[in-house]
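Participant: Protein chains in written order, with numbering that gives the first Met the number 0: chain A, 0 to 468; chain B, 0 to 354; chain C, 0 to 289.
Watch out, some of these pointers could steer you wrong.
Said to hold, decoys possible - BS3-like mimics (lysine-lysine), calculated; alpha carbons at most 27 Å apart, straight line:
1) A:K456 x A:K43
2) C:K176 x C:K197
3) A:K89 x B:K130
4) B:K131 x A:K89
5) A:K228 x A:K274
What the hints assert, rightly or not - Covered stretches of chain C (chain B as the covering partner; in silico rule of three or more C-beta atoms under 8 Å from a C-beta of chain B):
6) 132 to 140
7) 204 to 213
8) 246 to 256
9) 260 to 271
To be verified - Not close to chain A: a few residues of chain B, all C-beta gaps over 12 Å, as computed:
10) Y5
11) V41
12) Q52
13) L56
14) D64
15) P65
16) L102
17) I117
18) P198
19) L220
20) V227
21) Y253
22) G285
23) F336
Keep in mind that the hints were calculated from the coordinates and are not lab data.
Think of the CB as a built atom: it goes at the ideal place given N, C-alpha and C, for glycine as much as any other residue.
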Amino acid sequence: MIQETEPEHTPGSEELLRVSGLRISFVTRSGVIQAIDDVSFEVKPGETLGLVGETGCGKTQTAISIMRLTPEAGIIEKGEIWFRGTNLAKNIDKEFRIVSKKNRKVLKRNKAKLNNLERELADIRGNHISMVFQEPMTSLNPVRTIGRQVSEVLLTHDLPRLSNRILARHAVPPEALREVTDALAHQKGSRENIRELVGKYDIPGLEEQITSVVYRRDISEGSKIQRIKGLKQEVNSASLPFLRGVSAQGKIPAAYRFPARIPILRARFLGLLEKEALAVSSELLSMVGMPNISSVLKGYPHELSGGMRQRVMIAMAIAASPELIIADEPTSALDVTIQAQILQLFRELKANLNTSILFISHDMGVIAEICDRVGIMYAGNLVEIADIVDLFSDPRHPYTKGLLSAIPPSDRKVETLGLIRGSVPNLMNPPTGCRFNTRCPFVFDKCSQMPPPIPVKEGHYVRCWLYEK
Amino acid sequence: MTLRVYIIRRLILVFPTLIGLTLIVFILTHVGGYQRFLGEYVNIHSAIPVAVQEQRLTQQFHLNDPIFVQYFYWLSAFLQGNWGYTQTPIYSGTVLGAIGLFLPNTIILAAFSSILTIIIGIPVGVWSAVKKDSLVDHSTRIFSFIGYSMPVYWLGLILIIAFASPAVCPCLNIFPISGSVNIALTNNLSWFTSGISYPTHILLIDSLIHGRLDIFVDAALHQVLPVVTLTFSILASIIRVMRSSMEDTLNQDYIRTARAKGLRQGAIINEHARRNALIPVITLTGYTIAGLLGGVVLIEAVFNLPGIGYWTTEALISGDIGGIMGGTVIFGLAFIFSNLIVDILYGFFDPRIRY
Amino acid sequence: MARFDQTKLTLRILFENVTSAAGLLIVLGYVLIAIIDAVYPQLIGVVNAYAEVPDYTNPVPQPPSLQHLFGTTYPGIDLYQAVVAAIRVDLWYSFVIVLAGALVGILVGVVAAYYSGFFDEILMRITDIFLSIPYLPFAIAVGFVLGRGLDELSLALVIVWWPLYARYARGQALSIKENAYVEAARASGVGSWGIITKHIVPNVLTPVFVQISLDLGTVVQTFAALTFIGFASANPLLPELGKLISDGFPYAISAPWVVIFPGVTILIFAVAMNLLGDGLRDALDPRNRT
Numbered sequence: 000m001i002q003e004t005e006p007e008h009t010p011g012s013e014e015l016l017r018v019s020g021l022r023i024s025f026v027t028r029s030g031v032i033q034a035i036d037d038v039s040f041e042v043k044p045g046e047t048l049g050l051v052g053e054t055g056c057g058k059t060q061t062a063i064s065i066m067r068l069t070p071e072a073g074i075i076e077k078g079e080i081w082f083r084g085t086n087l088a089k090n091i092d093k094e095f096r097i098v099s100k101k102n103r104k105v106l107k108r109n110k111a112k113l114n115n116l117e118r119e120l121a122d123i124r125g126n127h128i129s130m131v132f133q134e135p136m137t138s139l140n141p142v143r144t145i146g147r148q149v150s151e152v153l154l155t156h157d158l159p160r161l162s163n164r165i166l167a168r169h170a171v172p173p174e175a176l177r178e179v180t181d182a183l184a185h186q187k188g189s190r191e192n193i194r195e196l197v198g199k200y201d202i203p204g205l206e207e208q209i210t211s212v213v214y215r216r217d218i219s220e221g222s223k224i225q226r227i228k229g230l231k232q233e234v235n236s237a238s239l240p241f242l243r244g245v246s247a248q249g250k251i252p253a254a255y256r257f258p259a260r261i262p263i264l265r266a267r268f269l270g271l272l273e274k275e276a277l278a279v280s281s282e283l284l285s286m287v288g289m290p291n292i293s294s295v296l297k298g299y300p301h302e303l304s305g306g307m308r309q310r311v312m313i314a315m316a317i318a319a320s321p322e323l324i325i326a327d328e329p330t331s332a333l334d335v336t337i338q339a340q341i342l343q344l345f346r347e348l349k350a351n352l353n354t355s356i357l358f359i360s361h362d363m364g365v366i367a368e369i370c371d372r373v374g375i376m377y378a379g380n381l382v383e384i385a386d387i388v389d390l391f392s393d394p395r396h397p398y399t400k401g402l403l404s405a406i407p408p409s410d411r412k413v414e415t416l417g418l419i420r421g422s423v424p425n426l427m428n429p430p431t432g433c434r435f436n437t438r439c440p441f442v443f444d445k446c447s448q449m450p451p452p453i454p455v456k457e458g459h460y461v462r463c464w465l466y467e468k
Numbered sequence: 000m001t002l003r004v005y006i007i008r009r010l011i012l013v014f015p016t017l018i019g020l021t022l023i024v025f026i027l028t029h030v031g032g033y034q035r036f037l038g039e040y041v042n043i044h045s046a047i048p049v050a051v052q053e054q055r056l057t058q059q060f061h062l063n064d065p066i067f068v069q070y071f072y073w074l075s076a077f078l079q080g081n082w083g084y085t086q087t088p089i090y091s092g093t094v095l096g097a098i099g100l101f102l103p104n105t106i107i108l109a110a111f112s113s114i115l116t117i118i119i120g121i122p123v124g125v126w127s128a129v130k131k132d133s134l135v136d137h138s139t140r141i142f143s144f145i146g147y148s149m150p151v152y153w154l155g156l157i158l159i160i161a162f163a164s165p166a167v168c169p170c171l172n173i174f175p176i177s178g179s180v181n182i183a184l185t186n187n188l189s190w191f192t193s194g195i196s197y198p199t200h201i202l203l204i205d206s207l208i209h210g211r212l213d214i215f216v217d218a219a220l221h222q223v224l225p226v227v228t229l230t231f232s233i234l235a236s237i238i239r240v241m242r243s244s245m246e247d248t249l250n251q252d253y254i255r256t257a258r259a260k261g262l263r264q265g266a267i268i269n270e271h272a273r274r275n276a277l278i279p280v281i282t283l284t285g286y287t288i289a290g291l292l293g294g295v296v297l298i299e300a301v302f303n304l305p306g307i308g309y310w311t312t313e314a315l316i317s318g319d320i321g322g323i324m325g326g327t328v329i330f331g332l333a334f335i336f337s338n339l340i341v342d343i344l345y346g347f348f349d350p351r352i353r354y
Numbered sequence: 000m001a002r003f004d005q006t007k008l009t010l011r012i013l014f015e016n017v018t019s020a021a022g023l024l025i026v027l028g029y030v031l032i033a034i035i036d037a038v039y040p041q042l043i044g045v046v047n048a049y050a051e052v053p054d055y056t057n058p059v060p061q062p063p064s065l066q067h068l069f070g071t072t073y074p075g076i077d078l079y080q081a082v083v084a085a086i087r088v089d090l091w092y093s094f095v096i097v098l099a100g101a102l103v104g105i106l107v108g109v110v111a112a113y114y115s116g117f118f119d120e121i122l123m124r125i126t127d128i129f130l131s132i133p134y135l136p137f138a139i140a141v142g143f144v145l146g147r148g149l150d151e152l153s154l155a156l157v158i159v160w161w162p163l164y165a166r167y168a169r170g171q172a173l174s175i176k177e178n179a180y181v182e183a184a185r186a187s188g189v190g191s192w193g194i195i196t197k198h199i200v201p202n203v204l205t206p207v208f209v210q211i212s213l214d215l216g217t218v219v220q221t222f223a224a225l226t227f228i229g230f231a232s233a234n235p236l237l238p239e240l241g242k243l244i245s246d247g248f249p250y251a252i253s254a255p256w257v258v259i260f261p262g263v264t265i266l267i268f269a270v271a272m273n274l275l276g277d278g279l280r281d282a283l284d285p286r287n288r289t
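Construct the complete structure from the given sequences, taking the supplied hints into account.
Facilitator: Spelled out as structure tokens, the structure:
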């Protein structure tokens with residue numbers, strides 16, 4: 000029986016995301032690949048959880064499945080994905096059947112069932128959960144401008160924000176702006192001060208615009224003052240009801256749905272929102288440290304380097320202020336110096352925004368830099384999960400120990416690096432029980448059964464019979 | 000590179016291709032000796048005896064000089080409008096004159112077919128790929144498959160049979176099966192003589208100019224079967240390419256990004272998929288236009304429409320080199336310029352190649 | 000090892016797909032008919048494989064009957080025999096045209112890609128000039144000046160067809176040229192010609208093969224279309240599908256079978272060839288081979 004909404008009494012409902020018992024398989028011509036088996040973890044609000052493992056251990060597929068973006072050949076066989084009180088995997092039993100066709104398994108999909116869920120998912124994706132992909136080269140549409148692609152997120156999910164901003168500029172009394180510029184001139188431009196000053200006027204969308212100018216790093220103080228003064232902009236009276244409708248209803252009001260798109264009238268309606276979205280995109284790009292913002296917005300992805308494209312992806316990911324950002328090996332396709340820059344960016348975003356991050360990587364060093372907690376994956380299982388310091392100082396699972404000993408330490412000299420003998424099992428016929436049992440130096444008879452997560456410390460769980468109480 | 004620069008560069012490339020075309024025509028007229036060439040440029044209606052004309056032509060075109068010199072003189076005559084003479088059952092006179100008469104009809108046929116193909120083909124191709132493996136998809140694929148496997152002239156014949164044969168239901172006798180207009184309607188008209196209408200030579204327009212709505216309707220009906228046949232054939236290719244290109248596009252990473260951004264299926268298709276999917280279609284349009292131009296020849300032959308294709312087939316049967324050359328030049332020019340437009344469109348749609 | 004297994008895998012995937020398997024069978028059926036017709040025509044009921052047999056006592060086209068399976072066409076020619084014999088003629092000419100065109104084109108394309116530079120430029124310019132005229136009118140023009148017979152038509156079609164292969168093969172060869180094994184071969188002293196024949200051409204062949212199979216269907220249609228328009232053999236009674244349709248054209252309305260049967264014959268072959276070509280292309284697509 001698949002649960003659709005979370006029962007009231009679930010413990011730990013302070014979690015943002017809870018994945019439980021996830022099992023994902025891929026149906027191919029040569030057999031069924033059991034890519035992920037019985038994976039469970041949570042992400043708390045504001046924390047950064049890392050998922051580490053070798054290539055092929057299933058970490059990317061786990062991440063992708065959260066937003067139900069699993070590729071065509073893959074299916075979620077079992078499991079629940081709880082986010083904001085809904086199970087995002089609620090349709091899985093109705094969506095597909097694996098049938099046997101002359102000793103081969105073939106996937107039969109029921110598209111209709113998945114489509115019903117699409118509406119809910121479309122609301123969540125990009126809005127409450129967003130994703131940064133691994134390959135910046137191919138993840139952007141080559142024939143659309145950057146500005147358009149970033150604005151798209153805002154125009155899809157955050158229309159009231161745009162209309163509020165426009166209305167705020169229309170409604171703001173000039174003396175409010177003068178107060179702010181005076182405060183800036185006298186070095187009193189801290190966040191709290193500004194919030195106080197602006198809060199007096201209770202105009203939604205105003206504070207955001209002022210703070211975004213104040214916190215830009217690429218323009219001078221003098222320019223900032225000019226820009227803030229220039230924030231007073233009247234809006235055409237024909238457009239006012241439209242904008243107010245958008246702010247009130249959260250979407251384009253029904254009456255305007257058609258006229259807003261007519262080319263000549265567009266400038267008065269949809270065009271205003273599009274221009275505003277471009278302005279917000281400009282602020283977002285500034286937040287992610289992009290140089291030459293105005294020419295980038297008009298340009299195309301092929302004109303940017305890998306690092307810059309990844310910044311664009313990140314800008315798109317933070318645009319609608321999601322509660323969770325899933326970053327799938329965002330730095331793996333970049334060279335090391337750029338990697339460092341992007342990681343720095345993530346650290347800043349972590350500090351400034353209050354989002355949770357699910358950070359996937361195969362690089363322990365990267366994980367160490369940025370995560371609060373980390374889970375280790377091996378051959379489709381989550382074998383250990385702990386706080387970051389705890390994991391590095393006190394790893395328990397034999398695989399984790401092997402993994403960590405294979406990293407050359409920077410503080411002392413070692414003669415040889417650790418080595419785990421054997422190789423990753425073929426997931427078409429995975430070992431029964433603990434999937435590490437073919438290579439584990441401590442294997443014993445109980446290992447032919449999969450161990451449950453065993454707590455060894457506060458917040459530190461291991462799936463290994465060695466730690467059975 | 001901006002679009003403007005790209006267009007200018009592409010325009011410049013037209014000239015070598017045009018020269019290439021003239022080279023081919025020149026070579027073709029000179030294969031196997033001068034007799035054929037002379038045959039094209041002799042005016043049989045002139046009072047001057049043929050032998051004398053041949054002498055003058057030999058001098059004028061320097062036929063005794065090296066081949067390069069000959070090319071030069073031929074090319075200058077060509078550029079001045081002397082394209083020789085044609086003598087076929089349907090027309091006898093200068094090649095340029097023939098082109099002026101026949102080209103409008105071919106343009107009508109080609110234009111209607113292309114417009115219909117684009118209007119129908121692109122949406123159907125997109126839709127078929129989006130609703131992959133559905134009934135719509137399967138029937139579209141079968142339809143388009145039969146379309147591009149079928150000989151276009153044979154389809155024309157079948158339609159003729161269907162709409163005219165007493166063996167099949169006579170109730171289908173609505174669409175005329177041959178010619179461009181009912182002869183009875185055009186007797187004793189000042190602006191319509193020996194199959195040619197004035198002033199534009201396009202019957203559909205001229206009939207409106209002269210206020211004869213009945214002729215207009217009749218002429219339009221005569222175009223239905225030819226246009227449908229030609230469209231069916233080209234449509235099939237376009238749908239097939241559009242569909243497969245769309246399918247490829249939907250598998251791209253940036254589509255996944257768009258889904259991850261929370262866009263709905265409609266928005267993904269309109270904003271991201273379609274434009275990218277059109278790019279290979281545009282690239283292959285060149286090939287499709289070649290098919291269109293070839294199909295025009297066949298359709299005009301089957302349906303008796305007085306156009307360039309018909310003239311060319313007549314020339315083939317009656318051994319008239321003028322007609323063959325004229326047709327080749329026209330088809331070559333049409334192809335070169337349509338490829339030019341296609342390349343420009345390609346530059347418009349795909350910013351990557353402008354870079 | 001690799002190449003044989005690859006071929007087996009290709010065939011296996013091909014046969015899983017019902018439609019392309021059907022296509023292959025139909026094409027083989029046509030080839031079989033052509034062969035039987037050439038060697039032992041009486042087996043399939045053809046009296047004279049090289050000429051239609053007119054019956055002037057009964058010149059008006061007769062509908063299909065037990066005597067004449069496909070009916071007769073003017074002047075009293077048994078349509079079934081004519082069509083079956085014509086299959087042989089059309090297939091023969093078409094295969095030769097495609098193979099010759101492909102051969103010339105591949106050679107030009109690969110050589111151009113291999114030597115690159117000025118040589119490449121010249122060859123490609125020439126190819127472009129040929130490609131600037133649509134194939135049907137071009138074939139008419141070339142065929143006309145060469146002489147309006149079937150052999151000249153074939154030559155004309157080869158001339159019209161090779162540039163496509165040159166373009167295609169050149170593209171493939173350019174990417175293969177960059178592969179490491181070519182460098183390795185050159186480093187171990189293999190001569191240019193050896194590299195071209197042993198390494199580049201075989202690897203170009205695979206994708207070109209799909210194109211060849213698709214083109215066979217097109218060429219059969221084009222060949223028949225041109226004979227329909229007016230190219231004719233020196234032998235006025237040589238059975239040929241396009242000619243049959245053209246001969247039957249005047250009688251089409253009152254005796255539709257006269258054009259239906261030859262046309263359907265072409266149609267079925269084109270359908271089968273296209274199914275086969277599509278199936279081959281899907282089978283060779285690396286994504287489907289996992």
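Participant: Determine for every hint whether it applies to the structure shown.
Facilitator: Tested hints:
1. A:K456 x A:K43: holds (18 Å)
2. C:K176 x C:K197: The given pair, whose Cα atoms are some 12 Å apart, holds under the 27 Å limit.
3. A:K89 x B:K130: holds (24 Å)
4. B:K131 x A:K89: holds (24 Å)
5. A:K228 x A:K274: holds (19 Å)
6. 132 to 140: Answer holds; 8 residues pass the 8 Å Cβ test.
7. 204 to 213: Not satisfied, violated; 0 residues make the cut.
8. 246 to 256: Coverage by chain B holds for the stretch 246 to 256 of chain C (5 residues, Cβ < 8 Å).
9. 260 to 271: Our answer is that it holds, as 5 residues pass the Cβ test (under 8 Å) against chain B, meeting three.
10. Y5: holds (14 Å)
11. V41: holds (56 Å)
12. Q52: holds (59 Å)
13. L56: holds (55 Å)
14. D64: Given that every Cβ of chain A is farther than 12 Å from that of D64 (chain B), nearest at about 53 Å, it holds.
15. P65: At about 51 Å from chain A, P65 (chain B) clears the 12 Å cut-off, so the statement holds.
16. L102: holds (36 Å)
17. I117: holds (19 Å)
18. P198: holds (37 Å)
19. L220: Since the minimum Cβ distance to chain A is about 37 Å, L220 (chain B) lies beyond 12 Å and the statement holds.
20. V227: With a cut-off of 12 Å, V227 (chain B) remains clear of chain A, as the shortest Cβ separation is near 34 Å.
21. Y253: violated (4 Å)
22. G285: holds (20 Å)
23. F336: holds (25 Å)
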